[in-house]
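Peer 1: So the protein lines, in turn, are chains A and B.
For the first sequence, the working numbering gives the first residue as 3, with consecutive numbering after it.
For the second sequence, the working numbering gives the first residue as 23, with consecutive numbering after it.
No lab work stands behind these hints, which were simulated from the structure alone.
The structure presented is a predicted model; accordingly, all values stated were derived computationally and were not measured.
Glycine included, each C-beta is placed from N, C-alpha and C at the ideal position.
Hints may contain errors.
Derived lysine-lysine pairs resembling BS3-like cross-links, with alpha carbons at most 25 Å apart [stated by the list, open to error]:
hint, chain 1, residue 1, chain 2, residue 2
1, B, Lys87, A, Lys12
2, A, Lys9, B, Lys224
3, B, Lys170, B, Lys129
4, B, Lys170, A, Lys9
5, A, Lys270, A, Lys332
6, A, Lys29, A, Lys9
7, A, Lys373, A, Lys360
8, A, Lys270, B, Lys50
9, A, Lys45, B, Lys217
10, B, Lys51, A, Lys266
11, B, Lys129, B, Lys51
12, A, Lys269, B, Lys217
13, A, Lys9, B, Lys175
14, B, Lys129, B, Lys224
15, B, Lys46, B, Lys87
16, B, Lys220, A, Lys12
17, A, Lys9, B, Lys217
18, A, Lys9, B, Lys51
19, B, Lys50, A, Lys12
20, A, Lys9, B, Lys87
21, A, Lys332, A, Lys373
22, A, Lys12, B, Lys46
23, A, Lys269, B, Lys46
24, A, Lys29, A, Lys200
25, A, Lys200, A, Lys101
26, A, Lys12, A, Lys108
27, A, Lys270, B, Lys51
28, B, Lys220, A, Lys266
29, A, Lys332, A, Lys360
30, A, Lys180, A, Lys373
31, B, Lys51, B, Lys73
32, B, Lys170, A, Lys12
33, B, Lys129, A, Lys12
34, B, Lys170, B, Lys87
35, A, Lys269, B, Lys175
36, B, Lys51, A, Lys12
Covered, in the sense of this in silico footprint (three residues per stretch, anywhere, with C-beta under 8 Å from a C-beta of chain A), are these stretches of chain B [unchecked claim]:
hint, stretch
37, 82-89
38, 193-201
39, 215-226
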Amino acid sequence: MDFEFTKEQKDIAKAAREFALGEFVEKAEEFDREESFDDSIMKRAAELGFLGIFLDERYGGAGLGVFEQCILQEEFAAVDLGMSVATLTPVFGSEIIQKFGTEEQKLRYLPSLTSGDAIMGCALTEPDAGSDLASAAATAVREGDELVINGSKIFITNGTRADFLICFVVTDPDNPGKHRRHSIVIVETDRPGFEANKLRGKLGIRASDTAEISFNNVRVPRSNIVGEQGNGFAEAMYLFNLNRIAIAAQGVGLARAALEESIKHVKKRMAFGAPLAAYQAIQFKIADIFTLMQAGRNMVYDAAWRIDQGRIDHRLVAAAKAFCGQMAVKCADMALQMHGGYGYLAEYRVQRIYRDAKIIEIYEGTTEIEKIIVAKSLLA
Amino acid sequence: MNIIVCVKNVPFTQEVDLVLDASKQDVKKDNLVYVINEWDNYAIEEAIRIKEETGGHVTAVTLGKEADEEVLRRCLAMGADEAIRVERGDLNPDASMIAAILSAVVKTIPHDIILTGVQSDDLNNGITGSLIAERLGLVHAAVVNSLKISEGKAQISIELEGGQDEMSQVTLPALFAIQTGINEPRYVSIMGIRKASKKEIKVIDASGLGLPGEDLQPSLIMEEMFMPPETEGAEMLQGDAGSLADQIIRIIREKGVSL
Ligand SMILES: Cc1cc2nc3c(=O)[nH]c(=O)nc-3n(C[C@H](O)[C@H](O)[C@H](O)COP(=O)(O)OP(=O)(O)OC[C@H]3O[C@@H](n4cnc5c(N)ncnc54)[C@H](O)[C@@H]3O)c2cc1C
């Protein structure tokens, strides 16, 4: 067992931090306030090879693993989560195309993602089907060589900026197995009948685009099905395993940001004739944030390393995601508390960290859903 | 065009509260993160730009420990062709020793241009570049903020005091100490990192360079490092905007800035 990064991983972490510090810091507050983003930042990240680091070199990726993706996620999130999500999610879902797609689909869609020329998204959640993904009801009905899609999706990251989405739709309603009724289908967003509306007023990650989507007789060729028809649920679960751990890494990054902000503040802020850092109640919070962050990070590294070894431990992935979500929220809360009234103001970065943290507990499976997965596996 | 760039890994000290160590000869460095010296980052970028424009070969050299190789990997990732680390062993070199060692190494490598940073962020001596050039008998210029190469000559601009620049033409080979802001250093790319990880870093032992003993003796003896005493608090100015502006201008003049 070796707990050191390889030299290459160290260099990646450093390069990612430098990029995020150079590109995110100045804009983070504005993009958070305005709920906007500048895609040229994402394009620059793509040119530097940060997008789809886990994709094959054949498709413009770096041929690295989930572990390296987690390093990027932590480093970017430690600077600003909203901008990190906006920068890194244009390839969200490409894992499914690489794993289950035909060679033709891979060559058609993946290189333009890694080069930053195209943006994708992943449309699973519906207004009436969130945690219970298998009850998703949008349909794709076969007509000749085409599929006709109807229904709606909600909370779709990149919904209004994407060039195409992979959509989780019912293709086999009569299949007796509820996990064999759906397929993953690529839908280009310029097809007639596709509509996306940006959802405004999010609590956090406001630089990231989130949209509701409706399909009104949207026609796509049948060849847009990714993988086997009816295999959509398994494909979505495959994606969750890879992405959940990356989301957990975002939580570690946020905790690190919370720690950095807190240390700076408590050393400077005077109360009762001494800096806050002199008081043990404050010191314990600092120690707790560090401890929780490091515990989460170790879970992330462990789970991500196993994925790259080809031994996915879905229980560990779910446990890491549940832990890191709650951990990030708790660390952000302690950090804000140490800032007192100043932390309540938008001009203090800790306020944004506090608002951003909650999403780690919600997307890619809520904390409760992750715990259900862990418990099911233990009690089986 | 053969270009050698001398680079240094230094602790990142912005927004860090430095604390002296028990020896009072240095600051505590255990918790500090190391980065490429800011000036050197501009120097390596400048070298790679020259190479990209006119062709050539860029070698990055550092005097340091194995952990300092990260600064060389960074240079390789940015586009340098070759990297050399001079192992410093137990030496704790001052600027004159660094210059003696680096010039002994650089002498053995073909070079048209040698670049260093104006100064390093840790000790701020600001003389290493000039000392190397003097040892090699090279033409040199410091605080270079523009550099154009054509037909064996360099058009340079040197930053003087009071916002003035001095333009000169220099016949190569020459050494230039590069000022920040001369260019916009590129980010390190994942492709660059992957390429760099496949390149070998050459290691040379400083003690094996055949330097005379006096070259490996410090010429500067540090007696004690201490924190500057805390100065008096701020002066609060009173008055309307016009009179405030007058007062500020008077203070700036008094402090020696020519407006
Ligand atoms: C900013 C943002 C971005 C998103 N991006 C995407 C995206 O790109 N693509 C996409 O498809 N989706 C996306 N989502 C959707 C996200 O994955 C869902 O919000 C999440 O899965 C929860 O579903 P829900 O909102 O319907 O909550 P619900 O499923 O209604 O859950 C509500 C609460 O009930 C709990 N709960 C549900 N079932 C149980 C149970 N059996 N036992 C105990 N508790 C339970 C949940 O844990 C939760 O606390 C995004 C969401 C947000 C907020």
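Peer 1: Can you list which hints this structure breaks, lowest number first?
Peer 2: Hint check: 4, 6, 11, 12, 13, 22, 25, 26, 28, 31, 32, 33, 34, 35, 37 and 38 fail, others pass.
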